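Trainee: Sequence:
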Amino acid sequence: MVSSDIGKEVIKKEIPLVPKLPGVYRMLNSKNEVLYVGKAKNLPNRLKSYVTEKNHIIRTERMLSQTSKLEITTTSNESEALLLEANLIKKYKPKFNILLRDDKSFPFIFIGNKDKWPQIKRHRGKKNREGFFFGPFASAGSANWTIKMIQKIFQLRVCDDSVFKNRERPCILYQIKRCSGPCVGYVKEDDYKKSVEDAIEFVSGKSRKIQKNLSTQMEKSSENLDFEKAAILRDRIKSLNIIQSSQRINEANLVEADVIAGYKESGKTCIQVFFYRSKQNWGNQAFFPKHDPDESLNNILNSFVSQFYENKSVPSSIILSENIKEQILIEKALTRKEGKQINISVAKKGSKLNVINQAIKNAKDSLNRKLYESQNNKELFEEVSKKFDLENNINLIEVYDNSHNQGSNSVGALITYEEEGFNKKRYRKFNIKIKKNEQDDYGMMREVLNRRFKKAVQEKDNYLTMPDLVLIDGGKGQYSVARETLNELGLHDIPIIAIAKGKLRNSGNETFFHNGKEVKFEKNDPTLFFLQRIRDEAHRFAISAHRAKRKRGINKSLLDQIDGIGSVRKRALLNHFGSARAIESASLDEIKTVEGVEEKVAKKIYNFFHE
Numbered sequence: 001m002v003s004s005d006i007g008k009e010v011i012k013k014e015i016p017l018v019p020k021l022p023g024v025y026r027m028l029n030s031k032n033e034v035l036y037v038g039k040a041k042n043l044p045n046r047l048k049s050y051v052t053e054k055n056h057i058i059r060t061e062r063m064l065s066q067t068s069k070l071e072i073t074t075t076s077n078e079s080e081a082l083l084l085e086a087n088l089i090k091k092y093k094p095k096f097n098i099l100l101r102d103d104k105s106f107p108f109i110f111i112g113n114k115d116k117w118p119q120i121k122r123h124r125g126k127k128n129r130e131g132f133f134f135g136p137f138a139s140a141g142s143a144n145w146t147i148k149m150i151q152k153i154f155q156l157r158v159c160d161d162s163v164f165k166n167r168e169r170p171c172i173l174y175q176i177k178r179c180s181g182p183c184v185g186y187v188k189e190d191d192y193k194k195s196v197e198d199a200i201e202f203v204s205g206k207s208r209k210i211q212k213n214l215s216t217q218m219e220k221s222s223e224n225l226d227f228e229k230a231a232i233l234r235d236r237i238k239s240l241n242i243i244q245s246s247q248r249i250n251e252a253n254l255v256e257a258d259v260i261a262g263y264k265e266s267g268k269t270c271i272q273v274f275f276y277r278s279k280q281n282w283g284n285q286a287f288f289p290k291h292d293p294d295e296s297l298n299n300i301l302n303s304f305v306s307q308f309y310e311n312k313s314v315p316s317s318i319i320l321s322e323n324i325k326e327q328i329l330i331e332k333a334l335t336r337k338e339g340k341q342i343n344i345s346v347a348k349k350g351s352k353l354n355v356i357n358q359a360i361k362n363a364k365d366s367l368n369r370k371l372y373e374s375q376n377n378k379e380l381f382e383e384v385s386k387k388f389d390l391e392n393n394i395n396l397i398e399v400y401d402n403s404h405n406q407g408s409n410s411v412g413a414l415i416t417y418e419e420e421g422f423n424k425k426r427y428r429k430f431n432i433k434i435k436k437n438e439q440d441d442y443g444m445m446r447e448v449l450n451r452r453f454k455k456a457v458q459e460k461d462n463y464l465t466m467p468d469l470v471l472i473d474g475g476k477g478q479y480s481v482a483r484e485t486l487n488e489l490g491l492h493d494i495p496i497i498a499i500a501k502g503k504l505r506n507s508g509n510e511t512f513f514h515n516g517k518e519v520k521f522e523k524n525d526p527t528l529f530f531l532q533r534i535r536d537e538a539h540r541f542a543i544s545a546h547r548a549k550r551k552r553g554i555n556k557s558l559l560d561q562i563d564g565i566g567s568v569r570k571r572a573l574l575n576h577f578g579s580a581r582a583i584e585s586a587s588l589d590e591i592k593t594v595e596g597v598e599e600k601v602a603k604k605i606y607n608f609f610h611e
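Each residue of the sequence shown is one higher than the one before, starting from 1 at the first, in the numbering used here.
Be a bit skeptical, because a hint or two may be false.
In silico lysine to aspartate or glutamate, DMTMM-like type, Cα no more than 25 Å apart, as pairs [stated by the list, open to error]:
(1) Lys93 <-> Glu438
(2) Lys501 <-> Glu438
(3) Lys264 <-> Glu295
(4) Lys209 <-> Asp191
(5) Lys238 <-> Asp226
(6) Lys378 <-> Asp292
These aren't lab readings, by the way, just hints derived from the structure by calculation.
Because the structure is a prediction, the values reported are computed rather than measured.
Kindly generate the complete structure, drawing on both the sequences and the hints.
Mentor: Right, dumping it as structure tokens:
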């Protein structure tokens with residue numbers, strides 16, 4: 001008996017028992033693992049094709065050879081079967097289906113409408129709050145950029161309700177004109193609500209209307225000689241102009257559409273999805289579905305569309321790079337799911353074709369990068385995100401460590417790890433400036449994070465873009481300090497993980513702290529090795545920065561600034577006290593006991609540190 005005949009016999013026995021209805025079938029192996037999920041308008045007719053057809057493709061032959069059981073679920077119509085099929089494929093991840101790796105929901109922007117002082121924030125998951133949801137955005141970065149622009153123009157709060165209710169003074173966002181300070185009553189309730197309404201219209205694509213209103217208000221304020229308010233409105237108009245010039249208003253005039261294009265090469269595929277809402281491009285995302293190397297692109301695209309929208313809101317228009325075999329069925333199923341008319345079309349000419357060609361180019365470029373990646377960094381990032389239940393995708397990690405020697409030559413270090421590996425152009429060291437922090441690990445952490453992120457929030461000098469995750473070398477206390485520092489700067493959405501070694505400081509027994517939970521890894525877990533590796537790199541960089549500073553300190557001391565102190569006396573003083581800090585703390589009598597330091601010179605040294 002040929003191996004595929006095993007599965008054929010299983011199916012042949014089941015066919016007489018299967019009702020002539022639409023539905024979904026699941027093929028299982030001897031371990032009850034789902035091998036394949038399929039759908040059919042008429043289940044018996046579809047199943048008969050597996051038995052009667054003689055020349056199946058190799059993948060189907062392999063699947064049938066492993067099939068030992070068949071499960072059936074009937075549905076009321078074919079559209080329902082399509083949606084159920086997509087749901088089951090995501091649930092079971094059968095190895096003979098085309099699989100879309102899509103664990104994360106896309107971010108939206110949420111603006112409340114019931115609160116006295118509505119908050120603007122990034123939102124994922126179920127829309128179970130009263131208010132306005134705008135999206136989806138292709139990434140957290142796209143949503144964050146839009147929120148930052150809204151802050152600049154409309155000065156809405158981003159802080160959590162618990163922080164908002166317990167503030168006695170405004171945070172830094174008020175000082176840099178990103179928030180109007182409703183927490184301490186610096187703005188009238190009516191004015192704030194008007195700003196909220198304007199922000200909603202702005203995200204809805206009515207930026208020109210908002211600009212006209214702001215210009216009218218600015219002119220009125222100038223006529224009333226309220227130049228301070230006029231200046232504020234002028235700055236808002238400037239920010240609005242920057243946004244309008246940087247937003248890529250699409251030439252195809254797509255009001256609400258997803259543009260989906262695929263490119264296949266070397267047995268792998270990239271599918272690019274561009275999100276157009278309110279006539280604006282809200283970013284794009286690349287997907288790399290898992291499939292048989294010989295699978296056709298239109299089949300891959302067909303499966304992608306049905307799976308992609310299984311758990312997402314659907315725009316009124318979906319534009320594809322090529323025809324798919326179930327276009328009418330998917331269109332009908334999504335229309336039923338959304339309760340509104342969904343149109344699926346293929347771009348063939350004009351401005352829509354230009355948009356599709358751009359998407360295909362992006363897909364090709366993304367696939368080429370994927371094919372030539374030598375490391376599995378993306379998979380490791382996904383494992384970290386999964387292990388710690390993070391809401392955002394990780395593309396960039398910043399790792400922090402501090403180094404000092406009994407409080408001297410204290411240095412904070414920052415290293416960055418991306419999908420391509422360590423990015424040494426983003427490495428930074430921080431010489432601790434606040435004296436009381438030099439012997440305080442918590443104080444050092446607070447100072448380093450505050451200096452790094454305050455510059456980014458204020459967009460000063462050559463500030464670094466925000467990371468997707470912050471990893472710090474420390475325990476529960478360092479985690480609390482880091483979380484508090486970032487929250488104070490309005491960066492509530494950046495997740496933090498603290499990594500602490502075991503009691504014997506032995507590597508491999510680390511405990512991780514995140515969001516009030518302790519997490520441990522198995523000792524041979526690749527994700528643990530990855531986190532150890534980037535932690536160790538931060539430690540190496542911190543130690544090297546500390547040693548360099550200490551070496552400079554030995555060669556150049558505060559004692560060099562005192563007249564009459566040459567190299568011989570300096571060496572004698574440092575050998576006696578150990579450091580300039582110890583000399584600073586010494587009494588006059590103690591300094592006089594050093595060999596070669598007479599009373600006159602001792603007084604000069606003492607006065608230098610105490611005047």
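Trainee: Indicate, hint by hint, whether the structure satisfies it.
Mentor: Hints, verified against the model:
1. Lys93 <-> Glu438: Distance of about 53 Å is beyond 25 Å: violated.
2. Lys501 <-> Glu438: 22 Å, holds
3. Lys264 <-> Glu295: Holds, at about 10 Å.
4. Lys209 <-> Asp191: 18 Å, holds
5. Lys238 <-> Asp226: 19 Å, holds
6. Lys378 <-> Asp292: 21 Å, holds
Checked against the numbered hints above, the structure breaks only hint 1 and satisfies the rest.
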